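Order-wise, the sequence lines are chains A and B. Going by the working numbering, the first residue of the first sequence is number 1, and it counts up by one from there. Going by the working numbering, the first residue of the second sequence is number 1, and it counts up by one from there.
Hints are not guaranteed to be accurate.
[What the hints assert, rightly or not] Chain B is nowhere near these chain A residues, computed Cβ spacing over 10 Å in every case:
#, residue
1, Leu21
2, Ser33
3, Leu34
4, Thr41
5, Thr100
6, Ser126
7, Asn163
8, Met190
9, Val198
10, His200
11, Pro203
12, Tyr216
[Claimed, not checked] Reference listing, derived: stretches of chain B covered by chain A, where coverage requires no fewer than 3 residues with Cβ under 8 Å from a Cβ of chain A:
#, segment
13, 50 to 64
14, 81 to 91
15, 106 to 116
[What the hints assert, rightly or not] Straight-line distance between alpha carbons at most 27 Å, and here's what the computed BS3-like set of lysine-lysine pairs gives:
#, chain 1, residue 1, chain 2, residue 2
16, B, Lys140, A, Lys7
17, A, Lys246, B, Lys71
18, B, Lys127, A, Lys7
19, B, Lys108, A, Lys84
20, B, Lys109, A, Lys84
21, A, Lys7, B, Lys108
22, A, Lys84, B, Lys71
23, A, Lys7, B, Lys71
24, A, Lys84, B, Lys128
25, A, Lys162, A, Lys246
26, A, Lys7, B, Lys128
27, B, Lys127, A, Lys84
28, B, Lys61, A, Lys246
29, B, Lys154, A, Lys7
30, A, Lys7, B, Lys109
31, B, Lys140, A, Lys162
32, B, Lys140, A, Lys84
33, A, Lys246, B, Lys108
34, B, Lys22, A, Lys246
35, B, Lys61, B, Lys71
Read the hints as simulated data drawn from the structure, not as lab findings. Small disclaimer: the values here were computed from a predicted structure and weren't measured. Built from N, CA and C at the ideal position, the CB exists for glycine as well.
If you want the building blocks of each chain, they are given just below.
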Amino acid sequence: MNFEAIKSIYTFEMARMQRTLLQSVISPVITTSLYFIVFGTAIGSRIQTIEGVSYGSFITPGLIMLTLLTQCIGNGSIGIYFPKFTGTIYEILSAPVAMTEILVGYVGAAATKGLIIGLIILATASFFVEISIAHPVMMVVFLVLTAVTFSLFGFIIGIWAKNFEQLNIVPMLVVPPLTFLGGSFYSIDMLPPFWQAVSHFNPVLYLVSGFRWSFYEIADVNPLISLGMIGLFLAICLSVLGWIFKTGYRLRS
Amino acid sequence: MAPIVSIDRLTKTYGNGFEALKGIDLDIEEGEILALLGPNGAGKTTLISIICGLVNPGSGKVMVAGHDVVKDFRATRALIGLVPQELTTDMFETVWNTVSFSRGVHGKKPDPALIESILKDLSLWEKKDNTLRELSGGMKRRVLIAKALAHEPKILFLDEPTAGVDVNLRREMWQVVERLRENGVTIILTTHYIEEAEEIADRVGVINGGRLLLVEEKRALMQKLGRKQLRLELSEPLTALPDSLALYNLTLADDGTALVHEYQGEEGQGSIASLLATLAAEDIHFRDLSTRQSSLEDIFVALVGEKA
Numbered sequence: 001m002n003f004e005a006i007k008s009i010y011t012f013e014m015a016r017m018q019r020t021l022l023q024s025v026i027s028p029v030i031t032t033s034l035y036f037i038v039f040g041t042a043i044g045s046r047i048q049t050i051e052g053v054s055y056g057s058f059i060t061p062g063l064i065m066l067t068l069l070t071q072c073i074g075n076g077s078i079g080i081y082f083p084k085f086t087g088t089i090y091e092i093l094s095a096p097v098a099m100t101e102i103l104v105g106y107v108g109a110a111a112t113k114g115l116i117i118g119l120i121i122l123a124t125a126s127f128f129v130e131i132s133i134a135h136p137v138m139m140v141v142f143l144v145l146t147a148v149t150f151s152l153f154g155f156i157i158g159i160w161a162k163n164f165e166q167l168n169i170v171p172m173l174v175v176p177p178l179t180f181l182g183g184s185f186y187s188i189d190m191l192p193p194f195w196q197a198v199s200h201f202n203p204v205l206y207l208v209s210g211f212r213w214s215f216y217e218i219a220d221v222n223p224l225i226s227l228g229m230i231g232l233f234l235a236i237c238l239s240v241l242g243w244i245f246k247t248g249y250r251l252r253s
Numbered sequence: 001m002a003p004i005v006s007i008d009r010l011t012k013t014y015g016n017g018f019e020a021l022k023g024i025d026l027d028i029e030e031g032e033i034l035a036l037l038g039p040n041g042a043g044k045t046t047l048i049s050i051i052c053g054l055v056n057p058g059s060g061k062v063m064v065a066g067h068d069v070v071k072d073f074r075a076t077r078a079l080i081g082l083v084p085q086e087l088t089t090d091m092f093e094t095v096w097n098t099v100s101f102s103r104g105v106h107g108k109k110p111d112p113a114l115i116e117s118i119l120k121d122l123s124l125w126e127k128k129d130n131t132l133r134e135l136s137g138g139m140k141r142r143v144l145i146a147k148a149l150a151h152e153p154k155i156l157f158l159d160e161p162t163a164g165v166d167v168n169l170r171r172e173m174w175q176v177v178e179r180l181r182e183n184g185v186t187i188i189l190t191t192h193y194i195e196e197a198e199e200i201a202d203r204v205g206v207i208n209g210g211r212l213l214l215v216e217e218k219r220a221l222m223q224k225l226g227r228k229q230l231r232l233e234l235s236e237p238l239t240a241l242p243d244s245l246a247l248y249n250l251t252l253a254d255d256g257t258a259l260v261h262e263y264q265g266e267e268g269q270g271s272i273a274s275l276l277a278t279l280a281a282e283d284i285h286f287r288d289l290s291t292r293q294s295s296l297e298d299i300f301v302a303l304v305g306e307k308a
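Just chain A, with the same shape it has in the complex (with noise of 0.2 Å):
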């Protein structure tokens, strides 16, 4: 193993945060502010409670869901996607670093920053609803196997990506219909049964509700359906990376 490369990957890619602060952890807080102001305040004053848990409390882990998954696709992506485009990347492909070495640099990174912001936004979340923890370590391995296995998504739209069009298309459009339809701002007993059935199909649903029964004990679907959902993801991402690494596409091809 090169830890030395990894180190030095890693800290390169702390580095660049630290350049953007403003960017990367101002904007989420105030985009987190706003929804709590505007669903928890102005809407959740209508909706009395949800299965016992008050409107603004029930939102809260779904809104770091949704943080945490556009942080680390979008980290992710960035991360791989920027060198590739400046051209620096040679300077990675020449070094005696092995491609899983390479990954654990830069997912390790983005799955870093996404959980710090992640933990800023429960932070925020706790100046404005109340938040009770039932099962803190499951909510800590939620929080850390969502943001590894979206960081390895975002890694994999960095490779493939040619543009930057392409780059953004999965962050802008995929995730937040996915993480809106996925139970972040509602519980699914709440839609007919039609849509429920759909919401099934979507994987941020298992997400959204492994994590909030780790806050609430609340659950959509059984919380170890939700872990194996993961568990599943993070599997196929590591398979499609593996199969990258392989054949060198769009990186040595």
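Add chain B to chain A, keeping to what the hints say.
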């Protein structure tokens, strides 16, 4: 001594069907400076990219210091430094950080003293805290060289190192190359500036259309292929060549005021003396004499033109 880089029947066809390399065989000796000459699109960069690990090889084999570049990439890439053709830099990084990153990513422990000496050698020390976007093109080129040297490579690839570089930097760069060579570093450079190869290389390889047309000691190449020309400025113009001079490869130039004798490197050596003796016997006098050897450029143009 075994060659430090050994390339065996290497081919590469890109996804779009472009055949960049059509079977290259080449051995590079430790400590030499090899210049690879060739027009744009000849396959120079592809060849380098495969040795350095940027591009997967098609078929064939590349060994560096006895290790396969694909299977044993850790061993081979640790020995190699690469200065790419394009000025690719992380615009927002400082010089110091980007050069230190290069060392780290090659798996070497930080060594601030070494980085300092590299930056000083390349006149970058004053700029160490500047971000790369603040630097001029020439300065960026220096940074790329510093990055390539940060992990103390044994083999250095310079891909078109002097494209867009001014005379001063060029001279400094050759000084650095000279110092590296004294320390036993093997240097491979690609260029289409022939003077460059002529100036510093020990051996010259010519690539065109994905094939290596030849590899020779630079001097041997110049001698073997170099055409020579002897030009005699005559005191009195001639209207026609006397029969006794028909043996020599002679032409009358400039309305008969000059005689031009063309010969190949070594074969012509004996003939000049007898030519001059014949001229004296014919009572043809000349007031001036000059010889000219064709440059690597002439050789190159002839070679590439002929096989293209």
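Hint by hint, here is what the structure shows:
no.: 1; hint: Leu21; in the structure: holds (13 Å)
no.: 2; hint: Ser33; in the structure: holds (29 Å)
no.: 3; hint: Leu34; in the structure: holds (29 Å)
no.: 4; hint: Thr41; in the structure: holds (39 Å)
no.: 5; hint: Thr100; in the structure: holds (12 Å)
no.: 6; hint: Ser126; in the structure: holds (34 Å)
no.: 7; hint: Asn163; in the structure: holds (17 Å)
no.: 8; hint: Met190; in the structure: holds (47 Å)
no.: 9; hint: Val198; in the structure: holds (39 Å)
no.: 10; hint: His200; in the structure: holds (39 Å)
no.: 11; hint: Pro203; in the structure: holds (32 Å)
no.: 12; hint: Tyr216; in the structure: holds (43 Å)
no.: 13; hint: 50 to 64; in the structure: holds (count 5)
no.: 14; hint: 81 to 91; in the structure: holds (count 7)
no.: 15; hint: 106 to 116; in the structure: holds (count 4)
no.: 16; hint: B:Lys140 with A:Lys7; in the structure: holds (25 Å)
no.: 17; hint: A:Lys246 with B:Lys71; in the structure: holds (12 Å)
no.: 18; hint: B:Lys127 with A:Lys7; in the structure: holds (25 Å)
no.: 19; hint: B:Lys108 with A:Lys84; in the structure: holds (24 Å)
no.: 20; hint: B:Lys109 with A:Lys84; in the structure: holds (26 Å)
no.: 21; hint: A:Lys7 with B:Lys108; in the structure: holds (11 Å)
no.: 22; hint: A:Lys84 with B:Lys71; in the structure: holds (24 Å)
no.: 23; hint: A:Lys7 with B:Lys71; in the structure: holds (24 Å)
no.: 24; hint: A:Lys84 with B:Lys128; in the structure: holds (25 Å)
no.: 25; hint: A:Lys162 with A:Lys246; in the structure: holds (20 Å)
no.: 26; hint: A:Lys7 with B:Lys128; in the structure: holds (22 Å)
no.: 27; hint: B:Lys127 with A:Lys84; in the structure: holds (26 Å)
no.: 28; hint: B:Lys61 with A:Lys246; in the structure: holds (18 Å)
no.: 29; hint: B:Lys154 with A:Lys7; in the structure: holds (24 Å)
no.: 30; hint: A:Lys7 with B:Lys109; in the structure: holds (11 Å)
no.: 31; hint: B:Lys140 with A:Lys162; in the structure: holds (26 Å)
no.: 32; hint: B:Lys140 with A:Lys84; in the structure: holds (18 Å)
no.: 33; hint: A:Lys246 with B:Lys108; in the structure: holds (26 Å)
no.: 34; hint: B:Lys22 with A:Lys246; in the structure: holds (24 Å)
no.: 35; hint: B:Lys61 with B:Lys71; in the structure: holds (11 Å)
Violated hints are absent here; each numbered hint is respected by the structure.
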